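Colleague: Okay, here's what each chain looks like letter by letter:
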Amino acid sequence: MADDRERFEQLYRENFRPVLRFALARIDPERAKDVAAETFLVAWRRLDSVPAEPRLWLLGVARKVIAGQFRSETRRDALVLRLETEQGSSGDADLAGAIAARDEVLAAFAALREPDRELLRLVTWDGLTPVEAAEVLGVTRVAFGVRLHRARRRLRDELQRTDEQKEIPSLNPRRHADARQ
Amino acid sequence: MHGSNELERLSAAEPEALGRTESFVDAGEEERILDGILATSPPRAARRGRMTPRRRAVFVLVGVALAAAVVGLSSIGHGSRRTSPSHGQQHHVALSGATIQLSGYHFKTPAGFKASTDSCVPSTSSLQVGANGFASAASAAGGCVEAFFLISPSGEDPAPNGDPVTVGSRQGYYVQPDSSGESRLYVQLPQPGDQSVYLLLFSHGLTEDQLIAVANSGLPAAN
Chain A
1 MADDRERFEQ LYRENFRPVL RFALARIDPE RAKDVAAETF LVAWRRLDSV
51 PAEPRLWLLG VARKVIAGQF RSETRRDALV LRLETEQGSS GDADLAGAIA
101 ARDEVLAAFA ALREPDRELL RLVTWDGLTP VEAAEVLGVT RVAFGVRLHR
151 ARRRLRDELQ RTDEQKEIPS LNPRRHADAR Q
Chain B
1 MHGSNELERL SAAEPEALGR TESFVDAGEE ERILDGILAT SPPRAARRGR
51 MTPRRRAVFV LVGVALAAAV VGLSSIGHGS RRTSPSHGQQ HHVALSGATI
101 QLSGYHFKTP AGFKASTDSC VPSTSSLQVG ANGFASAASA AGGCVEAFFL
151 ISPSGEDPAP NGDPVTVGSR QGYYVQPDSS GESRLYVQLP QPGDQSVYLL
201 LFSHGLTEDQ LIAVANSGLP AAN
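As you go down the protein sequences, you meet chains A and B in turn.
Everything in the first sequence is counted per our numbering, starting at 1 for the first residue and increasing by one.
Everything in the second sequence is counted per our numbering, starting at 1 for the first residue and increasing by one.
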């Protein structure tokens with residue numbers, strides 16, 4: 001029992017932030033905290049099932065906890081909320097262009113289906129290699145590669161669409177910045 | 001930036017929130033969460049060695065939940081009785097409530113439960129019941145149980161987060177109550193072919209023993 005506790009505490013301290021970060025990329029902060037807590041509760045109850053390298057296992061559990069509790073609407077709302085927060089926190093006109101560029105990418109990202117977004121999150125914001133991401137999803141490397149290829153193509157198409165729309169003057173953030181000078 | 005590829009652009013657009021987790025959960029709260037987890041039941045030695053990480057948990061809930069039943073906890077304190085010993089009942093739980101029918105199965109429910117036509121699966125749940133079937137309900141008192149059939153086309157694990165439990169002579173998986181108090185019990189049913197069929201009891205307010213007893217009351221003894 002003492003060994004269990006010691007092992008779990010080490011596992012928790014080394015992985016709590018990565019798991020929380022993983023959840024924050026998908027849901028609102030309050031629920032992300034709950035997801036992280038629940039993920040480690042599962043790990044505690046099934047400690048003997050946790051592999052020696054637990055990170056991907058934990059992310060897989062976190063992903064299932066999220067999928068089991070929250071609908072995609074919640075995730076979209078969380079993304080929108082985060083965008084609004086970040087935009088509102090910056091009053092620096094010099095950052096307007098960068099923020100607008102990020103906004104465009106996130107808008108294109110949000111236009112994708114959730115399965116595509118999940119693949120793309122794993123290999124970008126979560127920093128996983130395709131092999132690791134495939135393990136988190138529980139699919140083969142080949143299957144992951146095919147799905148990721150398609151998701152990238154759809155993201156590329158959406159970005160192209162938003163890039164084209166950016167040329168419309170009323171949507172060009174530089175124009176707003178120039179007008180203030 | 002637009003000259004870079006789509007993955008680089010998406011990486012660069014990473015939400016700032018991901019880089020400052022401390023602003024959402026500080027070190028003190030992290031410790032409190034840890035303490036809360038350690039205060040729960042420790043890993044059970046009896047379960048050791050029985051489970052390996054089950055990786056692929058993509059599970060399809062086929063929306064043909066055939067029927068279901070639900071029951072609301074309206075009053076407590078009726079008489080009790082034990083389920084049939086022929087089912088291998090191991091949990092002494094009073095099951096004198098309403099009987100809910102799911103296809104050809106009849107499940108007895110705990111004392112005080114009454115059949116209901118309302119679902120007890122919340123709208124926020126990932127479980128979606130098809131148009132041809134539903135199950136469940138809940139009472140103002142808060143207790144509810146709902147039965148479904150789940151079909152796994154690939155035969156994969158339906159409850160990767162669940163604890164293995166014995167339901168009579170069958171293998172089941174119990175998913176502990178989450179933050180909203182919802183728990184689940186999956187019991188694999190015999191099914192020819194590649195598909196795996198599970199009985200899912202979704203509940204709010206029932207204990208692990210109660211859920212196992214409910215499942216055991218309606219399932220025929222496995223050979």
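If you are wondering where the hints come from, they were derived from the structure by calculation, not from laboratory data.
All figures in this text were calculated on a predicted structure; none of them were measured in a lab.
Just so it is clear, CB atoms sit at the ideal spot from N, CA and C, and this is done for glycine as well.
Misleading hints may appear alongside valid ones.
To be verified - If you want the footprint, here are the derived chain A segments under chain B, 3+ residues with CB under 8 Å: (1) 15-29; (2) 56-67; (3) 113-125; (4) 155-164.
Colleague: Under the constraints set out in the numbered hints, which ones does this structure not fulfil?
Modeller: none
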